[in-house]
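Undergrad: Take these sequences, add in the hints, and give me the full structure.
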Amino acid sequence: DAGITQSPRHKVTETGTPVTLRCHQTENHRYMYWYRQDPGHGLRLIHYSYGVKDTDKGEVSDGYSVSRSKTEDFLLTLESATSSQTSVYFCAISGRGRDQPQHFGDGTRLSIL
Amino acid sequence: AQSVTQLDSQVPVFEEAPVELRCNYSSSVSVYLFWYVQYPNQGLQLLLKYLSGSTLVKGINGFEAEFNKSQTSFHLRKPSVHISDTAEYFCAVSDSATDKLIFGTGTRLQVFP
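Top to bottom, those sequences are chains D and Z. Quick note: the first sequence uses the working numbering, first residue 1, plus one each step. Quick note: the second sequence uses the working numbering, first residue 1001, plus one each step.
Hints should not be assumed to be uniformly reliable.
[Said to hold, decoys possible] Cross-link-like lysine to any residue pairs, in silico, SDA-like; alpha carbons within 25 Å at most:
| no. | chain 1 | residue 1 | chain 2 | residue 2 |
| --- | --- | --- | --- | --- |
| 1 | Z | Lys1049 | D | Tyr50 |
| 2 | Z | Lys1058 | D | Gly95 |
| 3 | Z | Lys1069 | D | Gln100 |
| 4 | Z | Lys1078 | D | Gly42 |
| 5 | Z | Lys1100 | D | Gly58 |
| 6 | Z | Lys1058 | Z | His1075 |
| 7 | D | Lys57 | D | Arg109 |
| 8 | Z | Lys1049 | D | Arg96 |
| 9 | D | Lys57 | Z | Ser1096 |
| 10 | D | Lys57 | Z | Thr1105 |
| 11 | Z | Lys1100 | D | Arg30 |
| 12 | Z | Lys1100 | D | Thr77 |
[Said to hold, decoys possible] According to the in silico footprint, chain Z covers these stretches of chain D (three or more CB under 8 Å from chain Z):
| no. | stretch |
| --- | --- |
| 13 | 35-48 |
| 14 | 96-110 |
Since the hints were derived computationally from the structure, they do not count as laboratory data. Yeah, the Cβ is synthetic: ideal placement off N, Cα and C, and Gly gets one too.
TA: Given below as structure tokens:
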């Protein structure tokens, strides 16, 4: 695996609580991504980053925020979790360019009760 | 925006039989295509990619895919599957407008003994 670590790997929390997921890379890649995976939807992009403090929205960004203060860390925050945000979240990294494949972490399974 | 269609949500097959997983994408001037595999409780791993050149692309684990521009397809094939190939397979296209990966909804390959 590319050097990508997601934490926590599993989390159960209650509606309305804040949640932060962390993605840490050791590959020094410029681009980092957060996806959610849901049955019947494949992977959908939430937010991505193209450098330190440079982030942008993806397809399903409502209810999520991100921060990247260091090259190696990309944080995904759910300010007030809702049951619709129950999902498996994946972080990915890549080099610059459309031809660069993305490399994925092992995911975080988040359940919101 | 580009899109990817994986028509088969599940493909059951017996061990040592050939398999084809279908992927169609919306047309574009230039297209970069990827196949990823996801084993249970893991992230996605790159199987193969098409960037340019030969339309037949070989990947890991004996998989190959053929790029067909006229039919806008990028089907994945393996001449003889193993039990260990049981996994979910995702086709993805790099969107020429946004540089982002667009994923299909996935095909679950189930190999039976």
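Undergrad: Hint by hint, say whether it matches the structure.
TA: The hints, checked one at a time:
Taken as a hint, the Lys1049/Z and Tyr50/D pair is honoured in the structure, with Cα atoms around 22 Å apart against an allowance of 25 Å. Only pairs whose Cα atoms come within 25 Å are accepted, and Lys1058/Z paired with Gly95/D is accepted, the gap being roughly 22 Å. Restraint check for Lys1069/Z and Gln100/D: satisfied, since their Cα atoms lie roughly 21 Å apart, inside the 25 Å limit. For the given pair, Lys1078/Z sits about 22 Å from Gly42/D by alpha-carbon distance, which is consistent with the 25 Å threshold.
A distance of roughly 9 Å separates the Cα atoms of Lys1100/Z and Gly58/D; the hinted pair therefore holds under the 25 Å criterion. At roughly 12 Å between alpha-carbon atoms, Lys1058/Z and His1075/Z fall within 25 Å of each other, so this suggested pair holds. Distance hint between Lys57/D and Arg109/D is fulfilled; the C-alpha atoms sit about 22 Å from each other, no more than 25 Å. Restraint check for Lys1049/Z and Arg96/D: the C-alpha separation of about 16 Å stays at or below 25 Å, so the hint holds.
Between Lys57/D and Ser1096/Z the CA atoms are separated by roughly 17 Å; this keeps the pair inside 25 Å, and the hint holds. Restraint check for Lys57/D and Thr1105/Z: satisfied, since their Cα atoms lie roughly 21 Å apart, inside the 25 Å limit. Between the alpha carbons of Lys1100/Z and Arg30/D the distance comes to roughly 14 Å, so the proposed pair stays at or under 25 Å and holds. For the given pair, Lys1100/Z sits about 21 Å from Thr77/D by alpha-carbon distance, which is consistent with the 25 Å threshold.
Taking a C-beta to C-beta cut-off of 8 Å, the stretch 35-48 of chain D contributes 7 residues in contact with chain Z, enough for the three needed, and the coverage statement holds. Counting residues of the stretch 96-110 of chain D whose CB lies closer than 8 Å to any CB of chain Z gives 10, which reaches the minimum of 3, so the coverage claim holds.
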